[in-house]
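Peer 1: The lines below spell out each chain.
There are 4 protein chains.
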Amino acid sequence: MEHTYRLVISCPDRVGIVAKVSNFLSTYNGWITEASHHSDSQAGWFFMRHEIKAESIPFGLEQFRIAFEPIAREFDMNWHIADSAQPKKVILMCSKESHCVADLLHRWHSKEINAEIVAVISNHEDLRRMVEWHEIPYHYIPVDRSSRDEAFGEVDGLIEGYEADVVVLARYMQVLPASLCEKYSGKVINIHHSFLPSFAGARPYHQAYSRGVKLIGATCHYVTQDLDEGPIIEQDVLRISHSDSIEDMVRLGKDVEKNALSRGLRAHIEDRVITYENKTVVFD
Amino acid sequence: MEHTYRLVISCPDRVGIVAKVSNFLSTYNGWITEASHHSDSQAGWFFMRHEIKAESIPFGLEQFRIAFEPIAREFDMNWHIADSAQPKKVILMCSKESHCVADLLHRWHSKEINAEIVAVISNHEDLRRMVEWHEIPYHYIPVDRSSRDEAFGEVDGLIEGYEADVVVLARYMQVLPASLCEKYSGKVINIHHSFLPSFAGARPYHQAYSRGVKLIGATCHYVTQDLDEGPIIEQDVLRISHSDSIEDMVRLGKDVEKNALSRGLRAHIEDRVITYENKTVVFD
Amino acid sequence: MEHTYRLVISCPDRVGIVAKVSNFLSTYNGWITEASHHSDSQAGWFFMRHEIKAESIPFGLEQFRIAFEPIAREFDMNWHIADSAQPKKVILMCSKESHCVADLLHRWHSKEINAEIVAVISNHEDLRRMVEWHEIPYHYIPVDRSSRDEAFGEVDGLIEGYEADVVVLARYMQVLPASLCEKYSGKVINIHHSFLPSFAGARPYHQAYSRGVKLIGATCHYVTQDLDEGPIIEQDVLRISHSDSIEDMVRLGKDVEKNALSRGLRAHIEDRVITYENKTVVFD
Amino acid sequence: MEHTYRLVISCPDRVGIVAKVSNFLSTYNGWITEASHHSDSQAGWFFMRHEIKAESIPFGLEQFRIAFEPIAREFDMNWHIADSAQPKKVILMCSKESHCVADLLHRWHSKEINAEIVAVISNHEDLRRMVEWHEIPYHYIPVDRSSRDEAFGEVDGLIEGYEADVVVLARYMQVLPASLCEKYSGKVINIHHSFLPSFAGARPYHQAYSRGVKLIGATCHYVTQDLDEGPIIEQDVLRISHSDSIEDMVRLGKDVEKNALSRGLRAHIEDRVITYENKTVVFD
Chain A
0 MEHTYRLVIS CPDRVGIVAK VSNFLSTYNG WITEASHHSD SQAGWFFMRH EIKAESIPFG
60 LEQFRIAFEP IAREFDMNWH IADSAQPKKV ILMCSKESHC VADLLHRWHS KEINAEIVAV
120 ISNHEDLRRM VEWHEIPYHY IPVDRSSRDE AFGEVDGLIE GYEADVVVLA RYMQVLPASL
180 CEKYSGKVIN IHHSFLPSFA GARPYHQAYS RGVKLIGATC HYVTQDLDEG PIIEQDVLRI
240 SHSDSIEDMV RLGKDVEKNA LSRGLRAHIE DRVITYENKT VVFD
Chain B
0 MEHTYRLVIS CPDRVGIVAK VSNFLSTYNG WITEASHHSD SQAGWFFMRH EIKAESIPFG
60 LEQFRIAFEP IAREFDMNWH IADSAQPKKV ILMCSKESHC VADLLHRWHS KEINAEIVAV
120 ISNHEDLRRM VEWHEIPYHY IPVDRSSRDE AFGEVDGLIE GYEADVVVLA RYMQVLPASL
180 CEKYSGKVIN IHHSFLPSFA GARPYHQAYS RGVKLIGATC HYVTQDLDEG PIIEQDVLRI
240 SHSDSIEDMV RLGKDVEKNA LSRGLRAHIE DRVITYENKT VVFD
Chain C
0 MEHTYRLVIS CPDRVGIVAK VSNFLSTYNG WITEASHHSD SQAGWFFMRH EIKAESIPFG
60 LEQFRIAFEP IAREFDMNWH IADSAQPKKV ILMCSKESHC VADLLHRWHS KEINAEIVAV
120 ISNHEDLRRM VEWHEIPYHY IPVDRSSRDE AFGEVDGLIE GYEADVVVLA RYMQVLPASL
180 CEKYSGKVIN IHHSFLPSFA GARPYHQAYS RGVKLIGATC HYVTQDLDEG PIIEQDVLRI
240 SHSDSIEDMV RLGKDVEKNA LSRGLRAHIE DRVITYENKT VVFD
Chain D
0 MEHTYRLVIS CPDRVGIVAK VSNFLSTYNG WITEASHHSD SQAGWFFMRH EIKAESIPFG
60 LEQFRIAFEP IAREFDMNWH IADSAQPKKV ILMCSKESHC VADLLHRWHS KEINAEIVAV
120 ISNHEDLRRM VEWHEIPYHY IPVDRSSRDE AFGEVDGLIE GYEADVVVLA RYMQVLPASL
180 CEKYSGKVIN IHHSFLPSFA GARPYHQAYS RGVKLIGATC HYVTQDLDEG PIIEQDVLRI
240 SHSDSIEDMV RLGKDVEKNA LSRGLRAHIE DRVITYENKT VVFD
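Protein chains in written order, with numbering that gives the first Met the number 0: chain A, 0 to 283; chain B, 0 to 283; chain C, 0 to 283; chain D, 0 to 283.
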């Protein structure tokens with residue numbers, strides 16, 4: 000994998016942004032390997048992502064930030080620059096279901112995902128052996144009604160302690176407290192086992208079965224305080240028929256969940272996702 | 000297209016149904032070209048569809064009905080038998096949008112659909128010329144608040160007059176009165192331009208745009224008194240991205256609507272759909 | 000539809016292209032509504048497409064060309080600029096099958112495609128009535144072994160006479176002579192009823208049936224002298240099963256053909272396609 | 000999972016087969032939970048699969064076989080009956096790529112697949128640790144030109160020794176000798192990383208990249224002596240674009256390979272696949 004910097008920008012739309020930014024890059028001989036733009040004319044907002052060969056630029060991230068800051072200020076940019084050589088630190092949270100965790104662990108193990116899985120947190124012991132085989136620490140933090148605050152205090156401590164960049168709820172069956180949702184806004188990714196906004200809430204496959212839909216789906220989204228209402232990163236669906244029982248749907252759905260979650264997570268850790276107005280721009 | 004009879008059955012599930020029916024057919028040398036079964040163990044209900052070469056049986060539909068009636072009674076069957084040589088009579092209802100009507104007219108014109116489109120009813124004049132080119136009568140029945148009852152009385156009269164077997168709401172933008180929904184229960188098919196139950200009601204593409212979903216869809220369903228809540232026959236989706244405006248979604252959605260509607264209608268007119276518990280069995 | 004200019008560029012890849020072009024645009028206050036880039040590191044080639052609000056630029060296409068020419072020369076660019084207000088002139092060629100022609104005619108009729116269908120040429124009379132209803136001239140040019148050269152001379156004359164920008168082989172069942180393929184290179188689009196390179200040549204559905212594939216497809220591609228070997232613009236597939244006969248596949252395939260062709264044609268007429276090395280870049 | 004028997008039949012098509020078989024089942028009070036039929040009118044061949052509640056029948060498989068044999072003879076049936084309580088014994092063969100093996104191991108581990116993975120055979124040591132964590136024996140049998148016969152002799156011995164019902168080539172990068180293909184005909188399943196018949200042979204993603212296709216795929220098929228020509232069980236595809244490098248295609252392709260292989264294997268071990276004329280009937 001090539002060593003690149005990823006420059007990610009969103010700002011009010013106006014003439015000259017691309018020129019200014021690409022001039023800046025070209026001044027320093029920056030070799031652009033990928034460039035994506037989007038302008039939302041309704042919102043009057045502009046989005047841009049560049050991937051630049053690190054070696055083509057004569058300085059590191061710190062100097063880049065200093066040099067770019069005046070441009071950012073001029074255009075009122077929300078922006079950041081990330082280094083592909085510094086893989087993001089990921090914490091997985093799970094319960095008893097193994098398919099999403101196993102899938103992400105294997106993608107990490109086989110170097111398909113450029114991230115560091117620093118820990119797994121679970122409210123059950125079931126997946127400890129699988130996780131520890133990968134030499135990743137497994138933290139068992141049970142959650143019950145009385146100990147909820149304490150438990151999520153502990154979770155918070157771990158996220159801080161590991162300096163995690165991303166928390167992935169890989170079929171974690173507890174609702175995060177609002178305080179954590181807010182504190183780690185834009186950093187917590189969930190997989191919901193339905194094609195949201197259909198069948199939000201509990202037991203979506205049961206809901207889907209009752210309604211008699213002909214496709215089931217999964218939704219990868221950022222977690223916000225409004226349950227199942229956060230910005231959607233990725234969705235996928237699968238055709239079913241009357242002959243599929245709820246059990247079939249649960250089983251078939253696993254593949255859709257794994258795919259939507261791993262694609263959503265990949266987009267996030269490659270700095271391809273920008274959120275605004277409870278929606279996302281995802282630059283492929 | 001081969002001349003066949005379609006025997007469609009649903010009944011409480013128990014041992015011996017298939018044996019009894021296939022014995023009956025084999026007794027009369029019925030040559031089965033297609034056979035489909037489904038048993039819903041949760042509902043305790045059984046569904047069956049046979050397609051039989053008409054020429055292989057020594058009598059016509061009337062005698063068939065007489066001969067089969069005792070079996071039907073023994074097993075408490077809901078059943079009917081249809082003749083592929085008697086194409087169903089279809090009335091299309093539309094407003095201003097032409098894509099679904101044009102698509103169905105062409106499929107009919109090119110003999111892709113084995114049905115007879117006997118008339119088109121619209122609350123606008125826009126599509127008259129297109130329809131009349133196909134030599135199909137076009138009935139303009141405007142609907143406004145004051146004339147609603149009268150207008151739908153007229154619609155009802157046309158459905159009766161044409162002895163229509165099916166009414167297709169091909170992007171017809173008026174809500175049918177409850178009385179018609181009930182009178183023609185199981186005979187009125189609608190295309191809704193969203194992946195139901197997401198975005199029921201008006202302006203689903205606008206809803207989808209606001210929610211920032213990554214796939215849009217369409218749903219072909221039977222019309223019931225509960226708007227957008229009837230049994231689903233067919234659904235389809237299409238991937239979109241942040242770069243698609245509402246206008247793009249409307250345009251892209253048309254293809255999904257056409258596909259879902261034409262596939263749903265085909266299933267219906269080939270007697271492949273059985274409804275129960277607000278769901279459908281669709282035998283491919 | 001907004002009035003825009005589309006600036007389409009391909010050139011050897013090096014630092015500074017984007018900066019130079021976006022500087023140029025920003026100098027003249029060009030408002031970019033869409034920007035797409037691609038660099039093929041293996042081929043060392045760079046591709047770029049900008050869509051610019053026409054009214055934001057202080058001059059027309061001619062002056063634009065003059066002003067931009069030095070930059071184009073500096074970077075060895077293949078480039079052109081197109082005006083969305085000058086819809087491309089399209090000639091459809093067809094035989095007896097109507098589905099692709101009917102689909103394109105309806106998209107044109109309902110203003111879904113921003114192009115002018117100036118004529119239809121066919122080696123059969125079958126579709127005359129359908130075409131003429133749209134008030135489009137229909138040219139019947141039969142092709143048989145003895146009259147082949149003469150027939151295609153006539154076709155050539157029509158393409159020239161209508162000043163067509165694009166010729167669409169909408170299930171036209173004759174092979175174009177090499178001379179025409181060469182003369183109109185990059186301007187003739189075909190729909191092949193298979194997922195190329197599988198089942199090139201004649202009767203692809205029969206081939207697919209024999210091979211027992213589980214998906215069938217269609218391929219929209221530019222016509223070259225090597226039959227079925229030209230650059231692919233768009234492909235699509237559809238799931239089938241053992242229960243689908245060749246007739247079913249032919250019928251089901253029509254929908255895939257229509258979709259692939261209309262999407263490919265749309266990309267072409269919106270100047271989204273750049274060809275190189277017998278492949279295409281298609282900017283969505 | 001319910002305890003069932005699966006009765007799988009293919010025979011020349013004629014009137015009365017279904018009646019005879021369902022009569023037989025109903026005589027013994029057999030409770031049919033799934034029934035699938037297919038008749039290939041071109042081939043004049045009939046296919047049937049029943050799934051029957053084991054407890055509903057008054058005898059075991061041996062007596063079933065004796066009782067059914069006269070019927071089978073009368074209709075010239077190829078047939079077998081399988082017991083869901085006797086999971087098939089599966090041997091996986093692999094090389095260095097881990098994604099298919101890891102996927103199947105996890106599906107087995109989480110009881111998603113009703114089969115017993117009795118051993119893994121590889122021509123490399125790379126996946127030993129992963130396999131042995133699952134407490135499955137790992138046999139390292141290197142294959143080089145000089146030792147080929149010997150190596151595959153050893154493989155043959157293991158298949159026999161383990162009494163394997165199925166051998167899965169889960170990205171095993173050696174060609175099986177013709178003798179093994181023949182000996183285990185219908186029992187060896189391969190995943191080919193292309194949408195066959197496109198890009199048969201080596202390095203299909205490189206071939207696909209050169210050809211500039213817009214979709215890539217994978218094919219799960221039975222292994223025959225004709226490389227990549229065996230009966231296809233399952234295929235799947237994925238949309239790509241010009242921006243995907245060969246490396247991207249290899250990575251994206253893995254998900255398609257895993258899905259096609261696991262679905263194909265599931266169909267096989269549930270006795271849903273019948274082969275004839277180098278094709279398959281797959282009863283969903």
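Take the hints with a grain of salt, since some may be wrong.
Identical copies carry no separate label here, and so any pair may be met within one copy or between two of them.
[Unchecked claim] As a list, the in silico SDA-like pairs of lysine to any residue whose alpha-carbon atoms are at most 20 angstroms apart: (1) LYS110 / GLU96; (2) LYS278 / GLN41; (3) LYS88 / LEU226; (4) LYS186 / ILE80; (5) LYS19 / TRP30; (6) LYS278 / VAL165; (7) LYS95 / GLN85; (8) LYS87 / SER244; (9) LYS52 / GLY152; (10) LYS88 / LEU179.
To be clear, the hints were calculated from the coordinates, so they are not data collected in a lab.
Peer 1: State for each hint whether it applies.
Peer 2: Comparing the hints with the structure gives:
1. LYS110 / GLU96: So LYS110 and GLU96 pass the 20 angstroms test across copies only (12 angstroms; inside, 23 angstroms).
2. LYS278 / GLN41: Within one copy, since 13 angstroms is at most 20 angstroms while 35 angstroms is not.
3. LYS88 / LEU226: neither (25 angstroms within a copy, 44 angstroms between copies)
4. LYS186 / ILE80: Cα proximity of LYS186 and ILE80: one copy only (16 angstroms, versus 42 angstroms across).
5. LYS19 / TRP30: both (16 angstroms within a copy, 14 angstroms between copies)
6. LYS278 / VAL165: within (18 angstroms within a copy, 38 angstroms between copies)
7. LYS95 / GLN85: neither (31 angstroms within a copy, 27 angstroms between copies)
8. LYS87 / SER244: neither (39 angstroms within a copy, 23 angstroms between copies)
9. LYS52 / GLY152: neither (41 angstroms within a copy, 51 angstroms between copies)
10. LYS88 / LEU179: within (18 angstroms within a copy, 48 angstroms between copies)
Checked against the numbered hints listed earlier, the structure breaks hints 3, 7, 8, 9; every other hint is satisfied.
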